[in-house]
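2 protein chains.
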Amino acid sequence: MNIYDIAKLSGVSIATVSRVINNSPKVSEKTKKKVWDVMNEYDYTPNVFARGLGLNSVKTVGLVCPDVSDRYMASAIAYLEKNLRKYGYDSILMCSGFDYEGKVEAVKILLDRRIDAMILVGSHYAGDCGQNDIQYLKDAAQKVPVVLMNGYIRVPGVYCILTDNYKAVYDTVCNLIEAGRKKIVFLYDANSYSTTKKLEGYQDALIDNGLKVQEEYKVLMPNNVLKARDLLAKKKLDFDAVIASDDAMAVGALKYVHQINKSISEDVNVVGFNNSELCVCCYPEMSSIDSQEEELSEIAVDSLIKVLAGKSVRQKMEIPCKFIKRNTTQF
Amino acid sequence: MNIYDIAKLSGVSIATVSRVINNSPKVSEKTKKKVWDVMNEYDYTPNVFARGLGLNSVKTVGLVCPDVSDRYMASAIAYLEKNLRKYGYDSILMCSGFDYEGKVEAVKILLDRRIDAMILVGSHYAGDCGQNDIQYLKDAAQKVPVVLMNGYIRVPGVYCILTDNYKAVYDTVCNLIEAGRKKIVFLYDANSYSTTKKLEGYQDALIDNGLKVQEEYKVLMPNNVLKARDLLAKKKLDFDAVIASDDAMAVGALKYVHQINKSISEDVNVVGFNNSELCVCCYPEMSSIDSQEEELSEIAVDSLIKVLAGKSVRQKMEIPCKFIKRNTTQF
DNA sequence: CTGAAAGCGCTTACAG
DNA sequence: CTGAAAGCGCTTACAG
Numbered sequence: 001m002n003i004y005d006i007a008k009l010s011g012v013s014i015a016t017v018s019r020v021i022n023n024s025p026k027v028s029e030k031t032k033k034k035v036w037d038v039m040n041e042y043d044y045t046p047n048v049f050a051r052g053l054g055l056n057s058v059k060t061v062g063l064v065c066p067d068v069s070d071r072y073m074a075s076a077i078a079y080l081e082k083n084l085r086k087y088g089y090d091s092i093l094m095c096s097g098f099d100y101e102g103k104v105e106a107v108k109i110l111l112d113r114r115i116d117a118m119i120l121v122g123s124h125y126a127g128d129c130g131q132n133d134i135q136y137l138k139d140a141a142q143k144v145p146v147v148l149m150n151g152y153i154r155v156p157g158v159y160c161i162l163t164d165n166y167k168a169v170y171d172t173v174c175n176l177i178e179a180g181r182k183k184i185v186f187l188y189d190a191n192s193y194s195t196t197k198k199l200e201g202y203q204d205a206l207i208d209n210g211l212k213v214q215e216e217y218k219v220l221m222p223n224n225v226l227k228a229r230d231l232l233a234k235k236k237l238d239f240d241a242v243i244a245s246d247d248a249m250a251v252g253a254l255k256y257v258h259q260i261n262k263s264i265s266e267d268v269n270v271v272g273f274n275n276s277e278l279c280v281c282c283y284p285e286m287s288s289i290d291s292q293e294e295e296l297s298e299i300a301v302d303s304l305i306k307v308l309a310g311k312s313v314r315q316k317m318e319i320p321c322k323f324i325k326r327n328t329t330q331f
Numbered sequence: 001m002n003i004y005d006i007a008k009l010s011g012v013s014i015a016t017v018s019r020v021i022n023n024s025p026k027v028s029e030k031t032k033k034k035v036w037d038v039m040n041e042y043d044y045t046p047n048v049f050a051r052g053l054g055l056n057s058v059k060t061v062g063l064v065c066p067d068v069s070d071r072y073m074a075s076a077i078a079y080l081e082k083n084l085r086k087y088g089y090d091s092i093l094m095c096s097g098f099d100y101e102g103k104v105e106a107v108k109i110l111l112d113r114r115i116d117a118m119i120l121v122g123s124h125y126a127g128d129c130g131q132n133d134i135q136y137l138k139d140a141a142q143k144v145p146v147v148l149m150n151g152y153i154r155v156p157g158v159y160c161i162l163t164d165n166y167k168a169v170y171d172t173v174c175n176l177i178e179a180g181r182k183k184i185v186f187l188y189d190a191n192s193y194s195t196t197k198k199l200e201g202y203q204d205a206l207i208d209n210g211l212k213v214q215e216e217y218k219v220l221m222p223n224n225v226l227k228a229r230d231l232l233a234k235k236k237l238d239f240d241a242v243i244a245s246d247d248a249m250a251v252g253a254l255k256y257v258h259q260i261n262k263s264i265s266e267d268v269n270v271v272g273f274n275n276s277e278l279c280v281c282c283y284p285e286m287s288s289i290d291s292q293e294e295e296l297s298e299i300a301v302d303s304l305i306k307v308l309a310g311k312s313v314r315q316k317m318e319i320p321c322k323f324i325k326r327n328t329t330q331f
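Chains as they are written, first to last, in the UniProt record's numbering: chain X, 1 to 331; chain B, 1 to 331.
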């Protein structure tokens with residue numbers, strides 16, 4: 001069943017059928033209805049490939065993230081898919097991995113599929129692998145609009161939507177210091193854009209409060225509860241507060257504190273990042289900085305739709321994080 | 001730049017170019033190389049839409065799950081995407097939600113996109129909404145191969161890959177009873193296929209060990225740590241073991257036990273399901289039943305590829321779960 | 001408001 | 001091993 005069949009059955013030309021499919025205003029209501037009825041009766045669906053050939057688009061956006069099994073990315077992807085669908089866009093998912101090659105390949109596959117736009121989730125696309133490694137994004141942005149969620153690069157055609165991670169960490173560390181903490185550890189798992197911002201916030205807060213930035217207090221580690229715990233145990237660092245770039249490491253730290261029989265809240269404060277369910281699994285429950293995936297996703301999609309409609313949109317949009325204070329962790 | 005340009009530039013016909021694109025064995029190595037060189041030089045990529053029109057496929061599979069932000073589904077989707085890509089298939093993601101309408105819509109959108117196959121993740125597609133609600137899957141299976149991950153329905157063209165949830169729970173409950181537990185609670189959050197199997201395993205184990213199945217010990221609740229904890233607190237149930245259909249509820253139970261100053265392991269055993277990172281966040285760490293997403297995803301993709309290649313494949317494939325015993329929970 | 005016709009860029013059966 | 005030609009099923013500028 002194709003457009004010719006429908007045309008024949010409804011006694012019009014294929015041009016007219018095409019117009020009613022695309023809801024063209026130039027068709028009379030009467031013929032519109034006539035054709036619709038036939039299409040419904042025979043359960044006709046236009047062939048996407050043919051439409052694609054004609055229109056050079058099938059309303060698809062590429063969603064790329066290093067790994068959807070990561071809680072943060074999964075939740076972003078979920079919101080994005082939902083929001084995009086509202087506007088009739090389907091989502092092709094690519095888990096690119098964290099390596100440069102994987103990222104380049106994912107972007108290439110998507111471009112070859114003639115997607116209408118691309119949304120990259122997580123700040124691992126903003127050049128954490130070196131200096132010139134965003135060339136592939138620049139190239140991609142020449143072809144389709146590119147949205148970066150939680151990363152920032154100043155490239156025409158790349159729209160960046162992010163939360164203010166610098167400020168979130170800066171403020172938190174200031175609060176910790178005001179509450180009397182002096183030996184504050186920063187745990188992180190990557191050198192991505194957002195992590196770098198968090199690190200800067202951490203360092204600046206220390207400096208602005210007259211504390212020294214100590215190298216051994218900046219700990220790079222796997223983002224994994226048990227590994228984080230054990231690494232801290234091995235290092236035997238002496239600290240009275242922890243802030244981590246993701247919850248899993250923070251929970252690991254919390255467990256370590258437990259292990260050495262210190263009291264969370266009394267002796268040590270622990271703050272996580274991303275406000276995942278992990279925060280309420282541990283004891284005591286853990287404060288965390290919420291990175292607002294839902295809001296970001298919404299802004300990302302709205303902006304993208306505007307861009308696709310030819311409207312102008314700001315190249316960088318930053319919203320504040322939210323500090324989620326759990327009763328049991330006080331400062 | 002299209003196939004005509006390449007043909008002209010390499011001095012052959014478009015038929016030949018098409019053949020080298022498709023790596024047809026009928027082309028001489030010499031012309032193959034000649035054409036390849038031109039394609040590479042001009043960075044030519046065949047137009048997917050035109051290919052789609054000609055081949056009636058663009059090597060895409062639809063991935064549908066109720067909600068990717070669920071840990072279990074996210075991890076399955078991640079593995080599926082990765083495995084499918086190995087075979088050159090791209091993945092269109094659809095988060096259908098848990099309602100019937102959403103599921104039907106997701107499947108329809110995918111079918112309209114002329115996907116080559118469909119993989120449904122989670123057992124919510126196996127008819128948890130009523131009796132006749134799998135008609136849309138039957139219809140879909142007429143058009144493309146359908147794979148159900150962790151669900152089972154006996155429908156031609158629907159291939160079901162699942163873990164033996166019944167046995168996993170049955171065995172666990174038997175072990176609990178042998179260890180002296182008598183008041184075993186079962187927590188669950190839905191009436192999906194797999195949950196129903198788990199519930200059956202729970203009940204049969206009780207019966208086979210001469211215990212009574214008590215209705216108040218089967219607790220339907222939201223799959224959420226704090227809500228689970230609070231609901232149990234409100235119910236004031238007296239129990240000495242808990243098994244849940246997902247980790248979050250189990251952790252909630254564990255926290256409740258903590259709250260009433262009972263000892264996990266001494267007084268109460270708690271076992272979760274899906275072996276997520278939540279299990280190691282709580283204290284003490286929690287045992288859980290691993291539902292083998294990675295293995296399932298691999299089998300799912302392998303089977304699908306076979307089906308697409310016209311080979312025959314078993315309609316139902318079931319593998320055992322793995323019990324993950326954490327040191328601190330003993331029985 | 002409607003139709004005839006060209007065009008989108010491939011694939012492939014057929015002939016050689 | 002290679003090419004000419006038809007076909008895949010749409011969209012749309014043009015003419016009326």
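Please note that the accuracy of each hint is not assured.
No copy labels: a pair is met if it fits in one copy or bridges any two.
Once the Cα atoms are required to be at most 30 angstroms apart in a straight line, the calculated DSSO-like pairs of lysine-lysine come out as [stated by the list, open to error]:
#, residue 1, residue 2
1, Lys108, Lys26
2, Lys59, Lys30
3, Lys8, Lys143
4, Lys236, Lys34
5, Lys34, Lys82
6, Lys33, Lys108
7, Lys30, Lys235
8, Lys108, Lys34
Note that these hints are calculated values from the structure, not bench results.
Checking against the hints above, which ones are violated? 4, 5, 7
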